[in-house]
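> Residue-level listing of the chains:
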Amino acid sequence: MIDFASIISQTLFATSILIVAALGLAIIFGMMGVINLAHGALITVGAYVAYAVTNAGLSIWAAFLVAPVVVALVGLVMERTVINRLYDRPVDTLLATWGFALVIQELIKVIFGTSAQSVPNPYSAPVEIMGANLPQYRIFLTALAAGLLVVTYVTFKYTDFGVKSRAVIQNDEMAGLLGTDVRSIYMWTFMIGAGLAGLAGAAVAPIVGADPRTGLGYLVQSFFVVIVGGTGQLLAGTLGGSGLIGGSAAALSFVSSQTFAQTVVFALAIVVIRLKPEGLFGGT
Amino acid sequence: MSAILRTVDLVKEFDGVVATDHLNYEMPEGEIQCIIGPNGAGKTTFFNLITGVLTPDSGQIYFDGDDVTGEDIHEIAQRGMVRKYQTPSVYDEMSVRRNIHIAFGEDKPADAEARLTEILDLIELRDRVDEQAGTLDHGTKQWLEIGMVLANGPRLVLLDEPTAGMTTDETMRTADLITSINEQEETSIIAIEHDIEFVRRLSSPVTVLHQGSVLAQGPVEEIEENEEVQNVYLGSG
Amino acid sequence: MSYIDRTKVAFGDASGSTKVILTGAVIGFLLPAVLSPYFAFLAAQYYLFALLALSLGLLWGYVGILSFGQAAFFGLGAYIMAWSFQYMFVPGINPAYVALVLAPLVNGAIAGVLGLFLFYSDVKDVYFVIITLALSVILEQLAVSVTSIFGGFNGIYLPRMAVSIPGVFNYQLSNDRLFYYVTLLALVGGYLVCRRIVRSDFGETLLAIKENEARTKSLGYNTARYKTLVFMVAGALAGVAGALYATLAQFVSPPVTGFVLSTEVVIWVAVGGRGLLLGAITGGILINAASTVLSSLVADRYILILGLIFIAVVVAFRKGVVGYVADRYDWGEKL
Numbered sequence: 001m002i003d004f005a006s007i008i009s010q011t012l013f014a015t016s017i018l019i020v021a022a023l024g025l026a027i028i029f030g031m032m033g034v035i036n037l038a039h040g041a042l043i044t045v046g047a048y049v050a051y052a053v054t055n056a057g058l059s060i061w062a063a064f065l066v067a068p069v070v071v072a073l074v075g076l077v078m079e080r081t082v083i084n085r086l087y088d089r090p091v092d093t094l095l096a097t098w099g100f101a102l103v104i105q106e107l108i109k110v111i112f113g114t115s116a117q118s119v120p121n122p123y124s125a126p127v128e129i130m131g132a133n134l135p136q137y138r139i140f141l142t143a144l145a146a147g148l149l150v151v152t153y154v155t156f157k158y159t160d161f162g163v164k165s166r167a168v169i170q171n172d173e174m175a176g177l178l179g180t181d182v183r184s185i186y187m188w189t190f191m192i193g194a195g196l197a198g199l200a201g202a203a204v205a206p207i208v209g210a211d212p213r214t215g216l217g218y219l220v221q222s223f224f225v226v227i228v229g230g231t232g233q234l235l236a237g238t239l240g241g242s243g244l245i246g247g248s249a250a251a252l253s254f255v256s257s258q259t260f261a262q263t264v265v266f267a268l269a270i271v272v273i274r275l276k277p278e279g280l281f282g283g284t
Numbered sequence: 001m002s003a004i005l006r007t008v009d010l011v012k013e014f015d016g017v018v019a020t021d022h023l024n025y026e027m028p029e030g031e032i033q034c035i036i037g038p039n040g041a042g043k044t045t046f047f048n049l050i051t052g053v054l055t056p057d058s059g060q061i062y063f064d065g066d067d068v069t070g071e072d073i074h075e076i077a078q079r080g081m082v083r084k085y086q087t088p089s090v091y092d093e094m095s096v097r098r099n100i101h102i103a104f105g106e107d108k109p110a111d112a113e114a115r116l117t118e119i120l121d122l123i124e125l126r127d128r129v130d131e132q133a134g135t136l137d138h139g140t141k142q143w144l145e146i147g148m149v150l151a152n153g154p155r156l157v158l159l160d161e162p163t164a165g166m167t168t169d170e171t172m173r174t175a176d177l178i179t180s181i182n183e184q185e186e187t188s189i190i191a192i193e194h195d196i197e198f199v200r201r202l203s204s205p206v207t208v209l210h211q212g213s214v215l216a217q218g219p220v221e222e223i224e225e226n227e228e229v230q231n232v233y234l235g236s237g
Numbered sequence: 001m002s003y004i005d006r007t008k009v010a011f012g013d014a015s016g017s018t019k020v021i022l023t024g025a026v027i028g029f030l031l032p033a034v035l036s037p038y039f040a041f042l043a044a045q046y047y048l049f050a051l052l053a054l055s056l057g058l059l060w061g062y063v064g065i066l067s068f069g070q071a072a073f074f075g076l077g078a079y080i081m082a083w084s085f086q087y088m089f090v091p092g093i094n095p096a097y098v099a100l101v102l103a104p105l106v107n108g109a110i111a112g113v114l115g116l117f118l119f120y121s122d123v124k125d126v127y128f129v130i131i132t133l134a135l136s137v138i139l140e141q142l143a144v145s146v147t148s149i150f151g152g153f154n155g156i157y158l159p160r161m162a163v164s165i166p167g168v169f170n171y172q173l174s175n176d177r178l179f180y181y182v183t184l185l186a187l188v189g190g191y192l193v194c195r196r197i198v199r200s201d202f203g204e205t206l207l208a209i210k211e212n213e214a215r216t217k218s219l220g221y222n223t224a225r226y227k228t229l230v231f232m233v234a235g236a237l238a239g240v241a242g243a244l245y246a247t248l249a250q251f252v253s254p255p256v257t258g259f260v261l262s263t264e265v266v267i268w269v270a271v272g273g274r275g276l277l278l279g280a281i282t283g284g285i286l287i288n289a290a291s292t293v294l295s296s297l298v299a300d301r302y303i304l305i306l307g308l309i310f311i312a313v314v315v316a317f318r319k320g321v322v323g324y325v326a327d328r329y330d331w332g333e334k335l
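Residue numbers (the working numbering), protein chains in the order written: chain F, 1 to 284; chain Y, 1 to 237; chain B, 1 to 335.
Extracted from the complex, chain F is given alone in its bound form:
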């Protein structure tokens, strides 16, 4: 007896998490072309901010506001000190961001210790939809994912900043000649990407807690989502990539262990990349 509600819920859940986690990278890597290997670490920082905030007695909702700001500031530090010198050196960007990932991870261990910390879940009670018991928090995450996609789309398509940002990314020389402050736009775009990673960390913290080791998993998954989905296509890429990777992981985990499912998904992702290097929706 196939439990459709369960399958749909699982798939939706897996996809939503990936959308939330990968969106920041879709902006920084997919749009700006910056290979940010610190992405996972930034998510982890977000999770720990959520922990710190809730531990100090504030509500989880406060954490959702504080985390993106804190991580955006971390992103600011990264961008101003190092990243902005390396925009035309992709390999060095990759290495430098990896260095940051190490430093950030170690700092987290220094400040918070090496074991995982739990973060309270505001919606732990399950709710019944179509005969299945679904944790409410999953619904919240799905709504968050959808909301973020909409907001990001609107921002980059219609706002003044969004338009300038896209112009700069496409052709910064031209944009600069037309009077746009290119450095500032790069900085803000990077910060937004980082902030989104922070939000993602806080958003998943109630489920997975704050753990210095989870960053890597998110890093690899997020990169696969963006690469498989297609760089340059913010919405379609993130949605498509998340759907494919989240969906297949969810489907597989019904028939095998988590580990095996993830291995197969990674292998599939590699095959997709090989067959269509510009990504499923890519090709700018």
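Heads up, some of the hints might be wrong.
Claimed, not checked - If we take Cβ atoms under 7 angstroms as the criterion, some of the chain B residues that face chain F in the derived model are: (1) Asp122; (2) Val123; (3) Val126; (4) Ile131; (5) Ile138; (6) Val314.
To be verified - Straight-line Cα separation of at most 30 angstroms, DSS-like style, residue types lysine-lysine; simulated pairs: (7) Lys124(B) <-> Lys164(F); (8) Lys210(B) <-> Lys108(Y); (9) Lys19(B) <-> Lys210(B); (10) Lys210(B) <-> Lys124(B); (11) Lys19(B) <-> Lys8(B); (12) Lys210(B) <-> Lys276(F); (13) Lys124(B) <-> Lys319(B); (14) Lys319(B) <-> Lys19(B); (15) Lys210(B) <-> Lys319(B); (16) Lys319(B) <-> Lys276(F); (17) Lys276(F) <-> Lys157(F); (18) Lys124(B) <-> Lys157(F).
Claimed, not checked - If the Cβ cut is set under 8 angstroms, some of the chain Y residues that face chain B in the computed set are: (19) Arg6; (20) Thr51; (21) His74; (22) Ser89; (23) Tyr91; (24) Ile102; (25) Ala103; (26) Gly105; (27) Glu106.
Source of the hints: derived by calculation from the structure; they are not laboratory data. From the three backbone atoms N, C-alpha and C, an ideal C-beta is built for every residue, glycine too.
Starting from the known structure of chain F, arrange chains Y and B on it as the hints suggest.
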């Protein structure tokens, strides 16, 4: 004389823009020919198609009678079609000597040292053989690249704007160099060019490309008188 | 001229890196006389890590391919050594010899398959980093979860290898000072192999591919084939290093395959000097030695310090330690 290169109804589109429009081109062996045309006419796309950098949407490419449509870049180069890029594409980090040595290809000539000297003499770089390629000035780099292409032992040389960025004097000397190469090495040469004086100096047949297909063909003098060609250049100039 | 004088002249004419390597090898040969067995054990580890670093140094410095997965090959080599003592044990044949043949072969084959799959396509070089990173993660996860083969977190124990000639003698290298020589030999041997590859027409082509692959392709070189071949050699070298490491430590467990080690290798090579084989070796030995010293001083914080040094190297000191020395003393040759 047989054709060293022949394209049949070559088509290439990018996002709805037709860059190459049923291009039929034939190049007899042993000759020098020039390709001219306004910007956007599809000249570099043509080179990209025949060298394997791009795959045509439809049409065939024949090199020395063999169908090479869809072959990979290195396979076509191995057949003997070697290209000089528009922006100097030499190994900046290496010496002139190494550049030529690498350019010999996988099968180095038996008399590598002698051949090296031969080529260096042709491109007038014999006394700069151990200098780093990156330190050479633009015009010299262009000549080094021509030397490298030559070292590869090609049957057909493709030159993409060989005199870009050169002074008039350098341009004329390059034309003479190309004529020497054609005579001495018996290589066929196709050159994309903008500089009419260069084309005149070569006194080779000219093909005019416009919007991805051949507009006119013939000697320089005829082309210059051609009204259609004039309109195309003036219109898009 | 006497033999000594001729040697002196030859030494004087040798390139900078050759001098360093020769001097280093002599010192390395003499070191056990003054080292306690414990330090010999440590040094042996460093040599194997240096061999691992060398594999990346060849790949990255000479072809320009950055692999975040060399530890996967190292780890696989280590497990192969463990398995040859456990599951693949054939009485009468020295298990270590089996492993030392299988490890490079299996790793080379896997690298070959991967290379065929990835290099013969339009996958961007930077994606290779993500893909090899994912592979390390996958292998580590497998090592943790497939306990029947890999032993999970508990790992697999194995004895120190023996040198033997069937029927004549069988001598187990339990003495750390003796095994030290095995690892030193492996490192020097690996270096000579890489050097032979690099100082040849093949090596020249590698550098051409690294600098401008499109140009090299358009000169008729099948660049994918070159990349795959070097990837296979690098995998094989890492596999041998891993196999020896397993029998040195007499224990194998998942971290030996994992991404932590993979990324550390990148740091060793970047800091040591990514453009020269000697840089990779130096980085491997130096950083591990420094880590041992630092961790006894500042515990786990040394990773933090390492991370900061790494960022500094990437941003400002791209050539790494040996790279700068080579420039300063004008070594010329890229070795």
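> Evaluate each hint against the coordinates.
Comparing the hints with the structure gives:
1. Against a cut-off of 7 angstroms between C-beta atoms, the interface hint on Asp122(B) holds, since the closest Cβ of chain F lies about 5 angstroms away.
2. At about 5 angstroms, the closest approach between the beta carbon of Val123(B) and any beta carbon in chain F falls short of 7 angstroms, and the interface hint on this residue holds.
3. Because the beta carbon of Val126(B) sits about 6 angstroms from the nearest beta carbon in chain F, less than 7 angstroms, this interface hint is met.
4. The interface hint given for Ile131(B) holds, since its Cβ lies 6 angstroms from the closest Cβ of chain F, which is under the 7 angstroms cut-off.
5. Hint on Ile138(B) holds. Least Cβ distance to chain F is approximately 5 angstroms, under the 7 angstroms limit.
6. Taken as an interface hint, Val314(B) checks out: its beta carbon lies about 4 angstroms from the nearest beta carbon of chain F, inside 7 angstroms.
7. With a CA separation close to 28 angstroms, the supplied pair Lys124(B) and Lys164(F) stays within the 30 angstroms bound.
8. Taking the CA atoms of Lys210(B) and Lys108(Y), the gap is about 20 angstroms. The hint holds against a cut of 30 angstroms.
9. Restraint check: the Cα-Cα separation between Lys19(B) and Lys210(B) comes to about 26 angstroms, which is no more than 30 angstroms; the hinted pair holds.
10. Straight-line distance between C-alpha atoms of Lys210(B) and Lys124(B) comes to about 14 angstroms, which keeps the hinted pair within the 30 angstroms bound.
11. Proximity of Lys19(B) to Lys8(B) is assessed by CA-CA distance (about 11 angstroms); at most 30 angstroms being required, the pair is judged to hold.
12. Straight-line distance between C-alpha atoms of Lys210(B) and Lys276(F) comes to about 24 angstroms, which keeps the hinted pair within the 30 angstroms bound.
13. Distance check on the hinted pair: Lys124(B) and Lys319(B) sit about 24 angstroms apart at the alpha-carbon level, within 30 angstroms; holds.
14. Taken as a hint, the Lys319(B) and Lys19(B) pair is honoured in the structure, with Cα atoms around 20 angstroms apart against an allowance of 30 angstroms.
15. Restraint check: the Cα-Cα separation between Lys210(B) and Lys319(B) comes to about 16 angstroms, which is no more than 30 angstroms; the hinted pair holds.
16. With a C-alpha separation of about 35 angstroms, the suggested pair Lys319(B) and Lys276(F) falls outside the 30 angstroms cut-off, and the hint is violated.
17. This hinted pair checks out: Lys276(F) and Lys157(F) have alpha carbons roughly 27 angstroms apart, not beyond 30 angstroms.
18. With a C-alpha separation of about 28 angstroms, the suggested pairing of Lys124(B) with Lys157(F) holds against the 30 angstroms cut-off.
19. For Arg6(Y), the shortest C-beta to C-beta distance to chain B is roughly 21 angstroms, which exceeds 8 angstroms, and the interface hint is violated.
20. For the restraint placing Thr51(Y) at the interface with chain B, the shortest Cβ-Cβ distance is roughly 7 angstroms, inside the 8 angstroms limit, so the hint holds.
21. At its closest, the beta carbon of His74(Y) sits 5 angstroms from a beta carbon of chain B; the interface hint therefore holds under the 8 angstroms criterion.
22. Hint status for Ser89(Y): holds, given a least beta-carbon distance of 5 angstroms to chain B, under 8 angstroms.
23. With a least beta-carbon distance of about 5 angstroms to chain B, the hint placing Tyr91(Y) at the interface is held under the 8 angstroms criterion.
24. With a least beta-carbon distance of about 5 angstroms to chain B, the hint placing Ile102(Y) at the interface is held under the 8 angstroms criterion.
25. Because the closest C-beta pair between Ala103(Y) and chain B is about 6 angstroms apart, less than 8 angstroms, the hint holds.
26. Look at Gly105(Y): its Cβ gets to within about 5 angstroms of chain B, closer than 8 angstroms, so that hint holds up.
27. The interface hint given for Glu106(Y) holds, since its Cβ lies 6 angstroms from the closest Cβ of chain B, which is under the 8 angstroms cut-off.
Hint compliance for this structure: hints 16, 19 are not met, and every other hint is.
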